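Enquirer: Once you've looked at the hints, dock chain B against the given chain A.
So you can see what is in the structure, the chains are spelled out below.
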Amino acid sequence: MEDTHFWEPFGSDGIAKIRYTAGAIVTEDDARKSVAELFALTSGRRAVVFVDIRKAKSVSREARAVFGEAANRYAALALLAGSLPTQVIANFFIGLSRPKVPTQMFTDEEKALTWLRRYVA
Amino acid sequence: MNAEDDRLGPVIRIITSIAKGDLHPEFPDIANDPEIEAIVLGLRMLAEELVASRAELDGRTAELEILNKGLLRLSDLSNLLLSCDTSAEAYVVLGRSAREMYGELSGAVYLYGASRDVVELVTSWGDLPVANSFPPADCWALRRGRVHHVSASGTELACRHTVEGDLSSAMCVPMLAQGEALGVLHLVGAPALGDRVFTPLAERLAVAAAEACALALATIRLREKLADQSLRDSLTGLYNRRYAEETLLREIGRAKREASALSVVMLDLDHFKRLNDEFGHDAGDTALREATTVLVESVRTSDVVSRVGGEEFLLILPGASIESAGQKIDKVREKVKALELFYRGHRLPPLTFSAGAASFPANGVTPEALLRAADSALYEAKHAGRDRTVLAGA
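If you read the protein sequences in the order shown, they are chains A and B.
Here the first sequence stands for residues 8 to 128, numbered as in this note's numbering.
Here the second sequence stands for residues 96 to 489, numbered as in this note's numbering.
This is chain A alone, in the form it adopts within the complex:
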């Protein structure tokens, strides 16, 4: 299975950054894999998470459910959307999954990272 995403090295800013590749169709399995990777990356700590879906094509309902559940174990979550379709995906996720942690959609990466830095312990 080709990876639909990649993680940026977990740097000194304390933000876990994942980016979805061009045309990614995110399934439940992809979602579970990325969630497991995140928890391995952050050693299970409540992470501040940045998700770039600007290039993703679609996210299945089952994948959204996995992300929704996992999000409650994060410290904060920023979704970076670009095109109108990715904005729809992001809004759907936030509106229907209703994570209990601070979650917001951005179309500007720097604004997203600035917002997230407030939640870095």
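Source of the hints: derived by calculation from the structure; they are not laboratory data.
Among the hints, a few may not be true.
In silico SDA-like links for lysine to any residue, alpha-carbon gap of 20 Å or less [to be verified]: (1) B:K430 <-> B:D482; (2) A:K62 <-> B:A126; (3) A:K64 <-> B:L141; (4) A:K64 <-> B:I125.
Here the structure is a predicted model, which means the values were calculated and not measured.
Expert: Structure of chain B alone, referenced to chain A:
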């Protein structure tokens, strides 16, 4: 048709399909038109959510229907149980209702015995074997006072009373009433059913059923205890005069219908007042209890022994002729006379009694007439020197 119509065509088609109830319409791949692509994607996700919501709603509806049916059955069961006069009747109702409620399962209801060191089977249903009785310690639900569930695929500890080596899932529900466990409802799913039989809803219903049964059984038992107390003499545990008179009326009716024999014996301990005066009332009570034991052990279970006065007893002997009644009483007299009674280290004098026997229909066809005849015979026995039996009309 203009260009705008062309552009919106796929969107209109999707909305129309969804409006008609088709939640799986074709979602075309739109390229080079981000607005329409976003709308189609949004509609697609909305349709997915609708499908999921509908499935969840269907599931909940099905669950509510099961709950509703279960509650109706439970209500029927409670009403039926509360209409039962005796525990035996309640056990029959319980067995039938349990079969209806848990038709696809095997199961059993166990209740504590009087000693509370064993629970005994009162009713069971289904094909799987169940134990006839077991110590309460063999059931985790009774030990912990809460539901114990063993799944077919799980590693939970199985109760020792369940059949070993079984791959069934099972559930034990303690039957609690007013904080006390009366017994346990044991349900077993056939191995083929796997784990799907004991859903959280099924568990809630089973708990409700067990509690309703326990409460109803506790009420029936209390009623039985009160009724029994009102018919028994507290010193000897024998039936009292009221019960004896009711029984005699019933037995006369039966003897008439079946043209069978029936005898009654009035029996009075000799010199009982003297025993009381010399040794005290407690000594008299001891003598009464000992005589009672001999009496009860000497008659058939179909005979009725009752204490109808201070030291006076009435025996109702269905099927017995007056001669056999007399012989039986004479044997009892010998046993009573042979009793060695002690009270606070003092040996009490030998106990004797006088008795008068009468039989239906020769000496009377009503309870009053029969008892009058037996009383007269007893009077004769007393006057003839006591420690003897006189047969009425002899």
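Enquirer: A separate judgement is required for each hint: does it hold in the structure or not?
Expert: Each hint, compared with the structure:
As the CA atoms of K430 of chain B and D482 of chain B are separated by approximately 12 Å, the hinted pair is consistent with the 20 Å bound. With a C-alpha separation of about 14 Å, the suggested pair K62 of chain A and A126 of chain B falls inside the 20 Å cut-off, and the hint holds. Proposed proximity of K64 of chain A and L141 of chain B is supported: the alpha carbons are some 16 Å apart, at most 20 Å. With a C-alpha separation of about 11 Å, the suggested pairing of K64 of chain A with I125 of chain B holds against the 20 Å cut-off.
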